[in-house]
Each structure stands twice: as C-alpha cells, then as structure tokens.
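Novice: Sequences are here, hints too, so could you generate the full structure?
Protein chains: 2
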Amino acid sequence: MDHSEDLNWKIFFEENSKPSHFDENVKLIFEVCQQAAIKKHRVALVTSGGTTVPLEQNTVRFIDNFSAGTRGSASAEYFLEAGYQVIFLHRSKSLEPYSRHLVGRSIFDMIEILPENITIGQKHQVELRTLTEKYQQYKCNLLMISFNSLSDYLWLLQATAQKMQILGPLALLYLAAAVSDFYIPASQMPCHKIQSSGGPLSLSLQLVPKMLAPLVTLWAPNAFIVSFKLETNETLLESKSKESLEKYHHHVVIGNLLHSRKVYVILVDRSSSPPEEIRLSDSELESGVEIESKIVENLKERHTKYYANHKTG
Amino acid sequence: MDHSEDLNWKIFFEENSKPSHFDENVKLIFEVCQQAAIKKHRVALVTSGGTTVPLEQNTVRFIDNFSAGTRGSASAEYFLEAGYQVIFLHRSKSLEPYSRHLVGRSIFDMIEILPENITIGQKHQVELRTLTEKYQQYKCNLLMISFNSLSDYLWLLQATAQKMQILGPLALLYLAAAVSDFYIPASQMPCHKIQSSGGPLSLSLQLVPKMLAPLVTLWAPNAFIVSFKLETNETLLESKSKESLEKYHHHVVIGNLLHSRKVYVILVDRSSSPPEEIRLSDSELESGVEIESKIVENLKERHTKYYANHKTG
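Chains as they are written, first to last, in this note's numbering: chain F, 893 to 1205; chain P, 893 to 1205.
In case anyone wonders, no lab produced these hints; they're calculated from the structure.
Mixed in with the good hints, there may be bad ones.
It does not matter which identical chain is used: a pair holds within one copy or between any two.
Pairs of lysine-lysine residues, derived as DSS-like cross-links and limited to a Cα-Cα distance of at most 30 Å, are as follows [what the hints assert, rightly or not]: (1) Lys1197 x Lys932; (2) Lys910 x Lys1154; (3) Lys1015 x Lys1102; (4) Lys985 x Lys1203; (5) Lys919 x Lys1192; (6) Lys1139 x Lys931; (7) Lys1197 x Lys985.
Specialist: So, in structure tokens, the structure goes:
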C-alpha cells in the first residue's frame, strides 16, 4: 500500500458524512462484540446486497449494482446454524435470512380467515413452522443493520471491523456485498435533479478507494477475512481472484461468475496449491442444496485452523 | 410531435428486444381488458417503481431511479376500492398493494408456535384480518405484472395501452412509475463487467424518447391519461407540469416535490384556472390518511366527467 492509496480512503471519509443512526448502530454492534468476546463466541460479519452511488445531492437517480442479496442472506443462515453470532450488514430491502424463502409469495394467500380468528392455512403449516422455529431460535444471535449508499456502507464497515477487534481471531468478515467501484464525489454532484432538457448526459465517475487495504492492515488486523470477486468473463476469474489476494494479503478470495454463481465457486488462499473448487452436482441442486451451505462449512473449518494457529502462534 | 421524435420511439423498440414472458403477460392483460369491456367496468393501469438502465450487456451495474413504489402501490389499493379493475405494472420487488403495510416487519414475529399447530398471534389478529380480507376481496380485480429495465417497462406499457383501446374512455392510465430519462443504447454497451483497473469511468447517456407522445396519440387515444412530474426544485414545479401537459395534450399532470410528495401535490389540467392543490392537514397525517386516497377520489370524479362527455360528445 503506497502513501497515495493511504490518503485516498481517508479523504473519502472526510468528504462523505456519517449515515443517519450511525452512533446507535455502532453501539449495538459493539454490544454484540463485547458479549461474544466475554463468552468466546465466534462472530461473523456478513455484508450483503448492492450499494448505491447517488448522481444528485437530492437523490433521484443513482447507480446500483446487481445484487438481490441472495448469497449474503443464505450465508447468514448457515453461519447462524454453524454456531456463529451474525452481524448482517445488508442493503435495505434486499433479501434477509429466513424471510427470503417466502419472496414472491403473499402471506395473505397463506392466511385462512375463520369466523372467530385468522390462522395459517393447513398446507402452509409445515413450511412456516420450520422457518418460524429457526427464525425465533436464531433471532437473538442475529443483528441486522441496513444501508443504502456506498458511503453509508463504508462507514458501517469501518466501524464494525474496528469494534470486532475486541474479538481478535474469533472474528470472521465475509464480504459478500456488491460494492460499487465508481462514485461521483459530493463536490462534483449537481444539487437538483438533472433536467432531461439539457440533452445527452455525460457522467464522469471516480474510482472508489480500495477499502480492503485499510480493513486488513488497520481496522481488523486479527480477523479472518473473506472477500468475493464477481466476474462475467470466465478467463479472468482465477487471475483476478489471485491478484486481489496478493494485493491485500487477507485470507480467502471466493471467485464466482455471474451466470454460474449458484452452482460453482473457487476458493483462493495464500497456499501455492491450485484453488479449491465447490461445485453443486445436479442431484444436489434438485434436492435444494444451496452452495452457501458448503461455502460456510468450508470457511468454518478454515477459521478453526486460523484460530488455533493464532493461539499457538 | 415532429417527424424526428416519431422515429425515435420506433427506433427504441427496434433496438431493444421484448422482455421475457412478454407474450404470456400481454395475453393476461388482454383478457382483463376484454372481460371489463364486456361488463363496462373501468380499468386503471397503475405503473409503479423505478426503471433500471443497464450499463453492461451482462448486467452487473445499472442506473436506477429513486422509487420504492409507495405512490403506485397505495394508489392501486384506492383504485380497487373505488371499483376499478387494476393492472399494476410495477418494478419487481417494489412495494405492492396490501403487503406494503407489513414492510419492515417480519411475519415470523407475528406467528405463534403452539404444540399442535402455528397461528397468528393475538395482538396481530385485527390488523392482519383487515389486510387479508381486503387482499382476498380485491385479488380477482388485480393483475400484477412486473418489470426491471426501462426497455421491459416500455414494451409492457405500449402493449397494455394498446390492449386497453378496447375499453375506450373506460380506461384510465395512471403513470406513477419513475421512468429513466437517460439510457445507453445496446450497441454502445460493453459486453462484460467494466473493469475498475481502467481508471475513472466516463459514461455517455442518450435521452430516452418521450413515450407519452405516441401513448397519447397512437396507443391509447381514447383513454384518460394521468402522468406525474417529480421535481426537487419548487420553483420549477408548476411550469414543468404545465409544459408537459401542453406538449403531450393528455388530461392531468400531477406535480410533486421529492421532499413533500406525501403531503402535497398539484393537479394541472387543460383548463385555464390555476392548478388544483391537494394538501394533507396535520390532523389527517396523524390519523394515517394517505394523500393517494384523495388523489384517486379526485381522479375518479374527473374520469366520470370525461367518460360522460365522451359518450355524449
């Protein structure tokens, strides 16, 4: 990390102010970390969904990243079931653990109206009981924090990572959010809605400083850090994933392609061996196995080794 | 409308292909219109939510418009309750009639687990009964069709307007969707994800052809057409709304400001009198009155007069 990059991330935080409810949220995050540290529980920060980049100060238009939060919300469930306390830092209105299974269906179609009361219809009893039981069981281990813009996300990421320091190697960061690479600095944004009468529109976007650099070295130097690399071009997948790991010196890069991300990922780590692959078989897919269950199982094992080495090292 | 504008909208449809499930959706829309025409029922097309504009052909990034679908989903409920058949053309995952009241709350917190079955908890009985009853009552009058991109939206808008012709003046178009003014033509889009290693990004966006022109003159010449004008600058609100009406010769422009849109709108029509205003009082706001109830009431009255004139005229 050279000096100019070091300055860039600091400038970003100077130019973009804290999101609303920041202090309350950071307090909640700190309480979770403190309690877990006392009990020596593992904590996973799962980031999920896309960030927005406003094009106007009174925001009507923004650039968004393709992400429904599928990977993050599913992974959060598996981390909970693997015994982690989970901080779920997610795009507002993106998919959430448990409720994601009901997306596209209306609860009003599942409710039966009886003269004396309303209840859950017979044919939805089994599915909703399973989901409700899991939700109610794990709810106390799940802290949900939401964001919209890139700037909100980066403020919350920094603060969460810093608060997780108290956990040392018990902290795992699973950075599944689709974070924008480009943004328009506040000083270059028009105040009001861009008028279409002005004719064709030219936008000039700046690169977002790479926050993985300060995250790994300064904010969470003892945490186990997993990042994602999403590509559309298969020939770039492995090289891009390796490049990222070599640049930031964290622990695992999970490489995935837009069109096969639900059935295939590669896990690139610091060892010289070829990347580990996780691929769902047709029969696994048919029986409803989710690739996130295998990713989390794999990472939990890696995190266990990391934690053991850290204690003895 | 000069000849060059005429060509522009045609070129857009030539360059952008139909969305998936287009033919099935258009068939459903036509069936609704046909049945309503036989029974002489009014039909409202309510468009809702923002459109996306892809920046890449394998879309990872897109430009989006600020819109949760609040206006459209609330209005759809009031049109249903005012006796309209409603075609709800909405952005996928934006707010929907009835379920919008539960947003931000988890159904799993409302379900009570008993040994023999699961049911709705006592304190949620009244609210969920009211919503479920309304939903189940109006469901058969509501056709939900969803879109994501600008191009999907415009294809569906054109087809719906054309199918609604069979209804003559019984058709009302309520164009509450936040439609992008700018787009990148498919031929100018990169195929793969834009690499951040390329440095700062310049985007050049073209103006979207104004579809209100062919909509009013060609696709739905007998329908009662209401459009919206959202501004952030109060001094431009009335002039921009009037300008839109004068340009497209439709029936009502509802002008609203980003920051006051839930309490104040103006209704601009072809008469020379000053725009009608709808403003919620503090006591109305406190008691939960929604401005959409008053907008729909106002428009239903206007639509009745329009329909009467059309028959006698």
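Novice: Each hint needs a verdict: does it hold in this structure or not?
Specialist: The hints, checked one at a time:
1. For a Cα distance limit of 30 Å, the shortest separation of lysine 1197 from lysine 932 inside one copy, 16 Å, qualifies, whereas the shortest one across copies, 72 Å, does not.
2. Taking CA atoms no more than 30 Å apart as the test, lysine 910 paired with lysine 1154 passes between copies only; the shortest distance there is 26 Å, against 34 Å inside one copy.
3. Within a single copy, lysine 1015 and lysine 1102 get their C-alpha atoms no closer than 49 Å, and across copies no closer than 48 Å, so neither meets the 30 Å cut-off.
4. In this assembly of identical chains, the alpha carbons of lysine 985 and lysine 1203 never lie at most 30 Å apart, being 39 Å within a copy and 46 Å across copies at closest.
5. In the homo-oligomer, the alpha carbons of lysine 919 and lysine 1192 lie at most 30 Å apart inside one protomer (27 Å), although the nearest pairing across protomers, at 50 Å, exceeds that limit.
6. Proximity of lysine 1139 to lysine 931 under the C-alpha cut-off of 30 Å is found in neither arrangement, the shortest distances being 34 Å within a copy and 68 Å between copies.
7. In the homo-oligomer, the alpha carbons of lysine 1197 and lysine 985 never lie at most 30 Å apart, since the shortest distance is 35 Å inside one protomer and 41 Å across protomers.
When each numbered hint is compared with the structure, violations occur for hints 3, 4, 6 and 7.
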